[in-house]
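> Listed below are the residues making up each chain.
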Amino acid sequence: MGFPHKSHPKETVVLSQYFGDAEARTQKGWVKRGGYEALSQALKMEPAAVTDVVKESGLRGRGGAGFPTGLKWSFMPKEKKKPHYLCVNADESEPGTFKDREIMRWTPHALLEGTAIAAHAIRAEVAYIYIRGEFTEPWTIMERALAEANAAGVFGNIKVYLHRGAGAYICGEETALMNSIEGKRGNPRIKPPFPAAAGLFGLPTTINNVETLVAVPHILKRGAAWYKGLCLSNPKSTGTKLFSVCGHVQRPGNYEVTMGFPLKDLLYDMCGGPPTGRTLKACIPGGSSVPILTREETEACLLDYEGVVEKGSMLGSGGVIVFDDSADMVYQIMRLARFYAHESCAQCTQCREGTAWTTKIMERILAGQGKTKDLDLLLDLSENMTGKTICVLSDSCAAPIVSGIKKFRGEFEAYLAGKRQPVMVG
Amino acid sequence: MTVQEDYQPVFSGKVLDELQTVFQRYPNKQAALLPTLWIAQREHGWISDRIMAEVAEVLGLTPAYVKGVVTFYTMYHQHPVGKNFVQVCTTSPCNICGAEAVMKALLEQTGAGDAGATSPDGKWTIVEVECLGACGFATPVLVNDDFLENVTPEKVPDIVRKYR
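Those protein sequences? They're chains R and E, same order as listed. Counting from 1, position 234 in the first sequence corresponds to residue 234 in the numbering used here; the numbering is continuous, with no gaps. Counting from 1, position 46 in the second sequence corresponds to residue 46 in the numbering used here; the numbering is continuous, with no gaps.
It is possible that part of the hints are untrue.
[Stated by the list, open to error] When the alpha-carbon atoms are kept at most 25 Å apart in a straight line, the in silico DSS-like pairs for lysine-lysine are as follows: (1) E:K83 to E:K162; (2) R:K81 to E:K29; (3) E:K83 to E:K29; (4) R:K184 to E:K29; (5) R:K184 to E:K67; (6) R:K360 to E:K104; (7) E:K29 to R:K82; (8) R:K80 to R:K191; (9) R:K264 to R:K406; (10) R:K221 to R:K236; (11) R:K55 to R:K44; (12) E:K29 to R:K159; (13) R:K236 to R:K55; (14) R:K32 to R:K184.
Derived from the structure by calculation, the hints contain no laboratory data.
With these hints in hand, go ahead and build the complete structure from the sequences.
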């Protein structure tokens, strides 16, 4: 589980092995623990050979989309005509997710090592690690680690820089992040062109999540076959994954489990279940952007990319938000919609208007002023917010609304019928 | 609202030297905009129109362009804030763990009164923010650059005492 808790026996500790171990934060401490061996190994290999090992391991992007990492690297131009860039997405802002923060706080050199290996594999001379502005502590730790690593000369010809965000969820979207590094407003770009063709500064770019990159040194050291073997269910999902569990559980925190692990065991055995006397009502398994699961769906869900889809949601970033029977689902879904309304970059009409409008409708319902047709209106708006915009922020707002109305309709209707006391002032 | 501003140019001497090291990280000056604004805010406390004009000048951009970027990001202050700028996460995961009660306690005990307003003694500005990315440590509160975890209304008096 990582600091401040000891890991649970059911965890498969790979990435989180040194969480809570302050010495592992230093260059010397990291080297003592076998750190930077994988980087030296990688620098002796042909870039394409490194990519092949990662491809073979089955590693998929841990930021949310689950795209195969090795395949993504292989999209970079074969013949290098222009500078290549690597962007590291440490703009962790998805409600429910706090794994990258822990990785940077405790194992900054693991991220630097993974970054340098990836940069070598895609033949990038410069890597930017984009850290969200609010992460003041991880920033300080990363800055110190980077200075140490540079002093020790571990990166060869690769230059690694940190770039601080300034408060915008949307900058976690890959092309918005690139615009933000370029000194622009964080508006997502229309794709194609994809980053491998024209990314940062219009040049070939690969972007990876923090957790994806820290898995890479382990894969190089222990082999693709070992990583592939870490699989409890569908062979398309391999390795370990950090799940950030929060909300109504007794022991929230980051838990590292093998792909395919039962969500039920994670929530009850490892996190201690809901507070005493409470029962589980709902769970969002992959960060706030994915559909909500009912208790029954939650208890039958296996944690891998396919298993969560099977239950009607997505694995996303692995941010597990738990609601017990005391939670007001209407209010919480309104809070999520308000989050997206606040964070919309406002480029696309469906998103700019839709996120604000759905929030207003839910505020009206919570103030006891909802109209009977409001639920249909919410669903209609949500449909128009899905699949119609440059990025998926709009879809992410619609996902909890649609699944919330479908699965907890009674709670919405209670407000509409005046059976529930209004909780907001209209 | 017109704000009385004691303006001194930010980018001279050591700060200008610091900016030169920032430039080395990027292929063009425009890309240095976010870090430059961070430096300006550290030095001046907030990003005024005059600061934006100065930033524009050192980076070879227009003041309007700089304003467009400043207004996009929530962490650049477009007006002066209290000595302690406090950000409280109230998004769903923290919300169900009691974040709104933390917010209420902070507003009352600092004398700030309303979210976004500055207390009469100029010491506190408290704002509600969306997800701070520490949901398992609900409720996270960012006081200036100090990231506090597991804040409850009971812990608020100590926080107020410490930073006052």
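> For each hint, tell me whether it holds in the structure or not.
So, going through the hints one by one against the coordinates:
1. E:K83 to E:K162: Holds - the C-alpha atoms of K162 (chain E) and K83 (chain E) are around 13 Å apart, at most 25 Å.
2. R:K81 to E:K29: holds, 24 Å
3. E:K83 to E:K29: Roughly 31 Å between the alpha carbons, so the hint for K83 (chain E) and K29 (chain E) is violated.
4. R:K184 to E:K29: Between K184 (chain R) and K29 (chain E) the Cα gap is close to 12 Å, so the pair holds against 25 Å.
5. R:K184 to E:K67: holds, 11 Å
6. R:K360 to E:K104: Distance of about 23 Å is within 25 Å: holds.
7. E:K29 to R:K82: holds, 20 Å
8. R:K80 to R:K191: holds, 22 Å
9. R:K264 to R:K406: Holds. K264 (chain R) to K406 (chain R) sits at ~22 Å (cutoff 25 Å).
10. R:K221 to R:K236: holds, 21 Å
11. R:K55 to R:K44: holds, 18 Å
12. E:K29 to R:K159: This hinted pair holds, its Cα atoms lying about 18 Å apart.
13. R:K236 to R:K55: holds, 12 Å
14. R:K32 to R:K184: Since the Cα atoms of K32 (chain R) and K184 (chain R) sit roughly 41 Å apart, the hinted pair is violated (cutoff 25 Å).
Of the hints listed earlier, those the structure fails to meet are numbers 3 and 14, in rising order.
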